[in-house]
Amino acid sequence: MQPVISVSNLSKTYASGFQALKNIDLEIRRGEIFALLGPNGAGKTTLIGIICGIVNPTEGTVLADGYDIIADYRHARSQIGLVPQELTTDAFETVWATVSFSRGLFGKRRDPAHVERVLRDLSLWDKKDSKIMTLSGGMKRRVMIAKALSHEPRILFLDEPTAGVDVELRRDMWNVVRSLRDTGVTIILTTHYIEEAEEMADRIGVIHQGELILVEDKVELMRKLGKKRLTLQLQYPLAAIPENLRSYGMELAEDGQELVYTYDTQGERTGITTLLQDLSAAGIRFKDIQTNQSSLEEIFVSLVRERP
Amino acid sequence: MNFHAIRAIYLFEMARTWRTLLQSIVSPVISTSLYFVVFGAAIGSRIPEIDGVSYGAFIVPGLIMLSLLTQSISNASFGIYFPKFVGTIYEILSAPVSFLEITIAYVGAAATKSVILGTIILATAALFVDLTILHPFWMILFLVLTAVTFSLFGFIIGIWADGFEKLQLVPLLIVTPLTFLGGSFYSISMLPPFWQNVTLFNPVLYLVSGFRWSFYGAADVSVGVSLGMTLAFLALCLGVVAWIFHTGYRLKT
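Which chain is which? The protein sequence lines are U and L, in order.
Residues 1 to 308, numbered by UniProt numbering, are exactly what the first sequence covers, in order.
Residues 1 to 253, numbered by UniProt numbering, are exactly what the second sequence covers, in order.
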């Protein structure tokens with residue numbers, strides 16, 4: 001199936017000389033939820049900005065639904081809805097007026113029924129005649145989502161949609177995103193909350209210092225990362241792992257003071273019992289035992305840290 | 001052509017006008033009326049006629065031009081500066097609209113306001129002085145052309161400005177002096193020859209002169225030259241706007 005967004009060899013260097021993106025190649029599949037993770041300043045917002053037409057690319061091409069975002073910007077952009085990170089709204093406008101405005105701006109005929117549906121879906125209906133400045137931050141965020149959905153886009157970009165949003169509202173937002181996906185909308189979101197990506201995304205991309213360092217299926221990633229580590233702090237340091245314990249694939253760490261055993265939590269047998277028996281038989285004594293699970297967050301941090 | 005977008009932006013801008021009615025319509029009308037009271041009635045009665053027109057009536061086209069220029073610039077510059085300032089410009093930049101459509105909508109709305117304003121001032125003036133309009137078609141043409149041209153100019157200023165100070169700078173330091181020195185309140189034939197020649201470099205002279213000609217049939221420069229200069233300035237502004245959108249100057253990084 002043709003990807004809904006296809007980014008090739010995309011680079012961006014700002015006038016200051018700062019290179020925000022380096023040769024990005026990325027394909028987003030139709031109908032998926034794609035989470036773009038990365039530390040602050042990694043290039044997430046620049047990437048979204050280029051695809052949506054707010055930032056000029058220095059090099060490379062982007063196709064949205066098969067249309068070049070520059071040569072065929074009208075077709076490309078009419079497919080896309082954008083919810084930017086900053087809460088920027090027309091403070092003096094009413095919710096109804098600003099959402100209707102967005103629909104017109106994207107070239108769609110007036111359709112009060114659609115606007116009503118969007119506002120109801122986002123629990124904004126009873127606020128439709130309120131001026132935006134009277135709304136809370138969470139409500140303003142919903143208004144921005146409503147604006148982005150006003151023209152029935154097939155691709156939705158959510159740049160940090162739940163930043164500064166309370167837990168309850170965040171859950172609500174996730175539900176909205178899921179139900180959108182159920183209607184066939186492709187969703188690309190950036191987030192700081194790994195939990196959010198873990199909860200929502202079908203695939204995950206990690207961007208760091210302008211480079212896309214990983215794109216992986218979430219389930220696959222979690223399987224790889226859904227491992228536990230058993231760390232044994234030894235009484236006496238070991239020079240090497242004894243021959244009869246090699247089959248466990250353990251690692252020796254901290255100058256031989258620690259043995260690290262990695263095991264699959266999904267597996268029926270973790271092998272811990274026999275390992276401990278074998279260690280004891282080999283006369284290896286330990287003073288402490290620790291286990292920890294590699295979360296997506298940890299993987300993410302280690303991925304980012306491994307790089308200079 | 002994305003007519004829905006043009007309509008949306010245009011109506012959005014016009015809605016802003018009605019919301020700020022006091023500032024955008026009432027206040028310029030009041031200040032212009034004061035000019036009529038002071039220059040037209042109080043002082044004007046002691047000033048001899050110019051080109052056979054009473055002073056009070058003579059200054060009407062100049063006063064309308066003064067409001068038209070300043071209000072066109074301020075409306076259009078604010079209209080595009082404000083979304084830049086609060087950040088809502090993201091939506092316009094990410095929408096399937098061309099630069100031409102954005103310009104038509106913003107400049108169209110600003111020019112509409114200016115034309116409404118000019119008409120109100122004209123009606124107000126009729127209460128104070130005897131007005132004759134010899135060439136109504138030309139009068140409307142100059143009114144609309146000037147409103148459009150200076151709304152375009154304001155649009156450019158709004159894009160260029162990166163602070164409220166700059167937004168005020170050009171109208172205050174350039175446009176107002178040029179308007180006052182461009183024969184709004186006098187005929188340049190009243191100046192010494194040297195200053196007459198200097199004034200010929202002031203573009204506002206041509207606007208005021210052409211506009212006044214459409215009222216009274218008398219002008220400092222020929223109406224053809226007035227029209228030509230107005231169109232030249234319009235073309236210049238269009239060129240600058242096209243360049244801005246082509247390069248993304250001050251709009252896109």
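These are calculated hints, taken from the structure and not from any lab test.
Every residue gets a Cβ at the ideal spot worked out from N, C-alpha and C, and that includes glycine.
A couple of the hints might just be wrong.
[As the list claims (entries may be wrong)] Interface residues of chain L toward chain U, partial, derived using beta-carbon atoms under 7 Å:
| no. | residue |
| --- | --- |
| 1 | Asn2 |
| 2 | His4 |
| 3 | Ala8 |
| 4 | Val86 |
| 5 | Tyr90 |
| 6 | Ala95 |
| 7 | Gly224 |
| 8 | Gly228 |
| 9 | Gly248 |
Tested hints:
1. Asn2: holds (5 Å)
2. His4: holds (5 Å)
3. Ala8: holds (3 Å)
4. Val86: holds (6 Å)
5. Tyr90: With a closest approach of 5 Å, the L:Tyr90 hint holds.
6. Ala95: holds (5 Å)
7. Gly224: Given a least distance of 41 Å, the restraint on L:Gly224 is violated.
8. Gly228: violated (36 Å)
9. Gly248: Given a least distance of 6 Å, the restraint on L:Gly248 holds.
Violated hints for the displayed structure, listed by number in ascending order: 7, 8.
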